[in-house]
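Colleague: Put together the whole structure using the sequences plus the hints.
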Amino acid sequence: MIASTVLGGWCALPAWAGEPDPKPAHVRVWRTRATAGPEQKAPLKTRLKAYAFRLLTRYAWRGGEQFRCLDSLWTRESNWNHRAKNPTSGAYGIPQALPAGKMRSAGPDWRSNPRTQIRWGLRYIKERYGTPCAAWDHFRAHNWY
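Sequential numbering from 1 applies to the sequence shown in UniProt numbering.
Some hints here could point you the wrong way.
[Said to hold, decoys possible] Computed cross-link-like contacts, DSS-like style, restricted to lysine-lysine with a CA-CA straight-line distance of at most 27 Å:
1. K126 x K102
2. K85 x K45
3. K45 x K102
4. K85 x K49
5. K126 x K45
6. K49 x K102
7. K85 x K126
8. K126 x K49
9. K85 x K102
If you are wondering where the hints come from, they were derived from the structure by calculation, not from laboratory data.
Modeller: Next up, the structure:
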């Protein structure tokens, strides 16, 4: 029996409470050494989406809803692939410009630079539809924008 000050007297404890552990526990510790390695970059598609998101403010579009519409539109059109080409129409790039040469107005590297394509695509959306959500609504109704 063990004295209990809480109960003001003696109380019985289970048999295991007063016995030492039959075997001491063994703990294994793994040690690792952190080394500085090359910085990991996010996948290209993620970086391009972040770039487009930052540009939305240039057109007075607030990020959230307008970006969701833009992301839905360009995911459906090209999956954010700057080399995507529609085999039937010839539409090209992230925004699927038709004809593709329209993007030349955004820069001479329009075929190979996804940022140039994004800048052109956002300007096109602003001039033609006003907002990415209006362009997305048009796309859903007509399967093109």
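Colleague: For each hint, tell me whether it holds in the structure or not.
Modeller: So, going through the hints one by one against the coordinates:
1. K126 x K102: Answer holds: K126 to K102 is near 15 Å, not above 27 Å.
2. K85 x K45: 17 Å, holds
3. K45 x K102: 23 Å, holds
4. K85 x K49: Distance of about 19 Å is within 27 Å: holds.
5. K126 x K45: The hint holds at about 22 Å.
6. K49 x K102: 22 Å, holds
7. K85 x K126: 23 Å, holds
8. K126 x K49: 18 Å, holds
9. K85 x K102: Holds, at about 14 Å.
Taken one by one, the earlier hints all hold for this structure without exception.
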